[in-house]
Structures are given as structure tokens and as C-alpha cells.
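Here are the chains, one letter per residue:
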Amino acid sequence: MGDASRTELRPPTLVGVERPRTAEEVGALLRAASRAGRTVRPVGGGTKLGWGRPVPPPDLELSTLGLASVVEHNAADLTAVVEAGVRLGELQRLLGEAGQMLALDPPLGPGEGATVGGVVATGDSGPLRHRYGAPRDLVLGVTVALSDGTVARSGGKVIKNVAGYDLPKLIAGSFGTLGVICRVAVRLHPRPPAHATLVARAADPALLQRAAMALSHAPLELECLDLAWGGGEGRVLARFGGAAALARARAARALVPEADPEVVEDDDATWEAQRAGQRSSEGTVVRVSCLQTDLARVLAAAAGAGASAVGRAAAGTLWLTLPPAGVEEAVGQVEELRRSLAPLRCVVLDAPAAVREKVDVWGEEDPGLLALMRRVKARFDPTGTLNPGLFVEGR
Amino acid sequence: MVRATEAEAPPSSGKGRVDEGFVRRLRGICGEDRVLTGLHARQTYESDGLLQYRVVPPVVVLPVEAREVREVLRLCHREGVPWVARGSGTGLSGGAVPVEDGVLISLSRMRRILEVDLDNQRVTAEPGVTNAEVGAAVAPTHVYPPDPSSQVVCSIGGNVAENSGGAHCFKYGFTTNYVTGLEVVLPDGEVVRLGGKELDRPGYDLVGAFVGSEGTLGVATKVTVRVVPRPEAWRTLVAYFDTTDQAGQTVSDIVAAGLVPAAIEMMDRLSIQACEAATGAGYPLDVGAALIVELDGPAAEVEARFEEAVALCRRNGASGVRVARDERERELIWKARKAAFAAMGRISPNFYVQDGVIPRTRLAEVLREIDRLSAEFGLRVANVFHAGDGNLHPLVCYDGRVPGEAERADRLASLILKACVEAGGSLTGEHGIGLDKRRHMPLMFSEADLEAFHRLRCAFDPDGLANPGKVMPTPRLCGEVPGPYRQHPLEAAGLAERF
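Residue numbers (the numbering used here), protein chains in the order written: chain A, 1 to 395; chain B, 1001 to 1499.
A hint or two may mislead.
As the list claims (entries may be wrong) - Below, a list of computed lysine to any residue pairs in the SDA-like style, where the Cα atoms sit at most 20 angstroms apart: (1) K1197/B x G133/A; (2) K1015/B x G1479/B; (3) K1197/B x L370/A; (4) K1197/B x D137/A; (5) K1197/B x R191/A; (6) K1222/B x D366/A; (7) K1171/B x L140/A; (8) K1171/B x P193/A; (9) K1171/B x P192/A; (10) K1197/B x Q292/A; (11) K1197/B x G368/A; (12) K1197/B x P192/A; (13) K1171/B x R191/A; (14) K1171/B x M101/A; (15) K1171/B x R131/A; (16) K1197/B x A296/A; (17) K1171/B x A296/A.
Don't read these hints as lab results, they were simulated from the structure.
Based on the sequences and whatever the hints tell you, model everything.
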């Protein structure tokens, strides 16, 4: 929202901030806001506020940071119940003491501020996505406050449960447009006792794709399988976890003989860099959803645009970071990426405000699907109180 | 358990009627042969795997392609006629029981595998393809992990409707963790593609919302699933214990040690006796519990950790540990377990399969409560347990010929479910709510929770035509979307418009 002409469009209301301490308080605030015709933006750590379609400031910012307790950690059941405002990093430290983890490792943003609620609401994930899935795969239950003040629970706190509709999956990744996540029950996993990473290198995108597919098609049970591209060269990174991690990583070198394989034992920094590569404070980040057979094509497109890239080789989610550029140039690059990669979906995440104003950040959606998404939104938030305009269905 | 079908017949919100003219139009869509109106033919579809509920549908259609499903739903929508979609009919919650004033749509003739894309580790199939056929299509290099016991018969469309699990869920997850895309015919006859072959597409996760919706949101006409490489190695053991407490403690110790077995299955004394009578798999009859533990994965990991599992069994007082030496011995161990439900027929004239979930750590107390209830009601209860994920299958034995016994068994089964929910668990782990458990939904969900479910239903099916009377405890109507139309600020400024 950079230029002056935009500013004039903002409604002449003050942005208020509320920090409720219970789900019921969240419900009461939402009910009052929706009755008064005000808009609300739920905010956790505020590390991803630049994502989504640019919209005018909300009338009310609802902070979830008052919902900050780890309600249950059932170590023997491998489950936890946590409030939305709990910082993911702090939760991981707590779970780590029991040798466990919530298998979600998205970048935590400035000051490691990302909250559990924010990560679930944006469906964000990191390298562990390869083996353990996205937030939607790990959230067992959710307590959500709807804009009419209703506080509803769905799912449960057991690993297996098919009672009622799977609303936790609908809510995960819905960018706060259907309700405010107050509390989630999550599935936990044991932390592997040891790690080792196989690194394969090549400058040829086709060779990188072959190496990645050789690893994804072998029964290796990898923790992570990533790609990285930058400076005219790329790497495939395969992280092994378990009692025999190092031996297995060494043995797997034979699967990628043409890509100069080496094994890294002390690999934490390698993976931290992969996570960090999903964010940019200055460039324009485009997340591409593709298949394994598209990897070379996507990397070549990144190379052509002078972009760096990180992402999941088998899951097919790649973050391309276009270097800082003038607005017109950046917009042109996004459009060119979309053209060359069509029909793959390219979503613009981090980007300068002026760039986000000028591109359709979510990309074109099928009209029938869009209509269904709007019906879902209309049922859950009929007053259009929550993050209007921000998400896919919002326009 | 014989229940009055009249009293339990699902209510229907349909306004239209299945009359001669309607049937004629169905024949116009599917042809003469694939619209069944004879009583005998229709009776084939009167129930699913839970035989207690029976409703003979007035008409059955057997579409062979998505276009026919679309036209049938469009016709039903225009005429206000409700419908129920059905796969192979192996469900155990009455989810596919027909409605007496609607169409039964059997998808068992839509059984083409449309694409096997091993490079990208995806399979796309029509809904009538069986679970086992999906697995066979990717063998021997890959597997499709969800493996319900009925996998040879049950359909992938039914698996999507029920979010089916199986013995390997603890490590591998459920149907919902593998479905990446769906082609769905909505109740108004429109076709939408939810998700795709790729993951993480922008927008609401409507695949996640649809999987497990028990046929109440639409009909899936194409299903795309993710498959994974076949594990390199496996090791299987069965350990015998004097008590279920010891077996339960072993499970806790295995999990606490950070092992994630592909499967951990527990059977109690009565289950073992029934299974042994049915299969002769070699289980001793004088033990209190049997625990099957299977590790799979990279050979180096499996070897390193299998001995730990064996040691933990012994440390908890296992009276014997049998390790499968080859595929044949492994199959023998599993044969008894997979026969468990059917085997009950050997020891009881009738039985009811309950499906509850508990936090694993509450097993001992819930089993004690089941014992207490069993004694109080004078009915035997056998327990089969997916111990890793806390999914308990108590099998309530009764004799339907003894007056009042079926009702007692029903009451007992309901109280077991109550005990599961009170322990922090769930009404169902894999069989679904369907018709059978909708009455129990208030045990687990408040009115506000149920109302939130209903919102999703209304977004997909505002007229309530899709499998009416299932899942929700009471029938409810959708009505119009409440609330004022809100103009988006950009729209107000003339910078955008709604389309």
C-alpha cells in the first residue's frame, strides 16, 4: 500500500487492537464487531502480515497473543493441545525436552515470532513437509470463534477420529477468513535420535530433477527432500533421521553418482538455510506448486529470471525469490513466470507492497471452484467481518 | 441388534417424488439396463455392512461415467429428489442406507483406473475401483498405505467418503493424508475439481473438507491419490501376555522409546479364542492378550529397532514372543487379526462391532470399565485394538433370538462409546457416524459445534439432497445466508467489482 492514491481509500476509522484471553472473549469481540459492521484481522506474531491480497487496514486487529498457554502435552499419547498465541519455537523447545516435536518447521520470521495459530492459519510449512505433511495433516482438532460469536470445536485430540466433518482441515490454511483459531490439538512425532544429510550438486536442472526423483522413488523414508538453486548451481538435499542415519546417507550416495554426492553430518545450518530461503524482506517470493516431473522446468524458469529457489522436491512446493527490482520489472517477472509455468499455480507471498498491489497474488482461479469457496465463506462469515478481500475467495 | 427400521428410517428433506416420469428420465440418462426398479434388484441395496438398518430404495441407478452422475444429480436437484451414493457397501455405520423417497446411486460400475503416474507418485481412479486395485496398480515398487480390512472389496470412493484407515494408520495416516485431488459433482449437478495432482494449491482445503464427509457433500467421480515407495524391509512379532494391562504398558513403552511401528495391534483373550477357532493361526488359548508389533522401513533402521521392541515385550512379562521368520509366518500372524470381526460368529450367534477411540494411555481404565459393563449386562465383549492410534473395536456378543438381548447389547455398546468419549476420545475412528451413531453426536459435540458442521454442509448442499439423515443427530434446514451484503472497500471505490 505504498502510493498516496491508495491511502485516500482507507475508511476513516481508527485501527483498534484487542488481546482477548479466552476463546469466549474472542467470540464476544467478533460478535460485537460483526454487529457494528466492522472488519477484523486476527494477528499472531505478525510475521506474515504481508501475505495475501493487499486490503485496507481492518477496523480491529485481534491479537491472539493473550491465548498463550500449552494446555496439554500428552507425551505418551504423542498429542498436545495448545492455544493459538503460543510461539511455535517455544512449543518446540518444550516438546524437545520429551524427545518430541510438532513436525512443522516453517521459517519463524522476525524474532522467531511465528505462533502456532498463525502457522496453521496460513498453512505454512518447511522441509519436514516431505515426511510429515502440512499443518492440515497434523492438526487433530480446532476451537474456532466465528464472526457471529459462536465458539465451535471440531475434530478431537486423538490421532484417529472421523466423527463429524473435518473442519480442522478447512480452517487450516484459510488465512483467518472463516473464523479465528483459538486453540488446536496437534499430533506429535518423536525426534529422530540422529540426522545426516546427503547433498548432491549440479548446474543442470534436468540432472537435479533426476537426482531428486532417484531419491524420492527409493524406499529411504527421508525426513526431508529439498532442492536449492542459486548462482547458476543447484543442490538436492536429502535428510536422513534415525538410529542408522549416517550409514544410510552414505549408502544413498550410490543413487546419485552423477551429482557429486557428499554427506554432511552436522547439518542443522544447511536446513536452517532452506527454511530461511522461503522468506525475503526485499525480493518477491513466488510459491510454485508442481509435480516431480516439473522440477527441472521450474528451476530453469527460476534461473532465467535470475531467481534463487528452495523447496520440497517430492511434495513439489518451490519458493522462488526474484531479486529486488523496480515495480514494473518485478510485476513483469511474476507474469512471465506464470506464463511460462502455466498451468502450475504461482502464488506471490513476500513482496514489496507496490508489487502486491499490481499482481493478482493468488493467481487466476477456476470460476466454479471460486463460487464454491465463496459459498463456504458466506456460511462461516456471512457478515464478511474476517479479513475481507485478503484470501482467494475475497474478490 | 434388530431395530425397527420404520423408527430409524432416515428422514428426508426431499420435496420431489420418484414417480414413473422421474424413472423414465433416469432411463434416458443411464439407459434401460442400468436403472433398477424390480423389488428383488432393489433389495440388494437395502443396507450396507451394518445389517441392522434396511431401507429398500424406490430406484437404483448404476452410472458408468461422470457425465451420467452429473445428469442424475442435476435431475434430482431440479425435481427436489434426495439421493444416496454407494460404493461397495462395506461400511459399518449405515452411511450408505438408502432413503425411501430417493435415488440410490451405485458407483460400483465406475471402475476404471484412469492414470498411473509413477514418476509423480500419483494414481487417478474412478470411485468404484477397489482399494486393493489401487495398491496393485503401483506394485511392486510402491504402495497405497490406507488398508482397511475390507480392502479387497471396498472402493476408493467409499474410502474417500469415510476417510478410511486400517491397521497401518499410526505410522502412515489415513485416506485424507493421501488424497490430493477430487473431481466432485455437487448436489446441484455442477462439477468442481478440488485440489489436483499438485499439493498446496491456493484456496480453502476443500479436499480436506470433502474426505470423510460420508456422502453428504457430493459425489466424487475421480479420485487422485499419492502413493509411496514400498518399504525396504519389515519385521513382525506377536507377543503374549497374561493381562491386557501388560500388553498396554508395552505399547506405551514402545512409543516412549521413540519407535513408530507400522502397526501395533492388540487382542484380548476372547478375541484370540474366536480368531484361533476361525483360522488356526497358532495363537495360544490360555493367554490374556496378544500384541502384534510390525516395524517397517529402511532395513538398517528396522534391524536396529526391532530388538528394542522384542526387549520391551519381555521386560513387561511377555510369556512368549513369536517372531515371523518369513512372509508366510507374517501372513499367519495377520490372518488371525484380520479375521477378528468375522471370527466372532464362531463364538456368538450375533455380535455388534463398536468403533471408539481413546487416548492410548487411558486403555487400562477403559478396558476395566468395559469389563464392568460386560458383567453388569451379562454379555461378553471381545476387544480388538489398533493400539498405536487408540482405536478400540469392542465386539459385543449377544443372541438375537433371546428377547431383549439385542436391545441390551445396543445399550452396552452405547455405554462403551460414552466411556471412550469421557476418556477424551472419539465416537468413531474409522467406521463413521452414518445412521448408526448420529444419535451419539451430542456426547462429543455441543449444539454450537454441530451448527458449525451444518454450515459446511449448507455451502455444498443447501437443499439437503445428499445422503439426508446421516451424520447430524437431528435434521436441519439450511435457509438463506443471513447477514447483510457487505460491499468491499475496493468495490465501493470503484476499483473492483464482484462477478
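Exercise. Any of the earlier hints contradicted here, and which numbers?
Worked result: Of the numbered hints given earlier, those the structure breaks are 5, 12, 17, listed in rising order.
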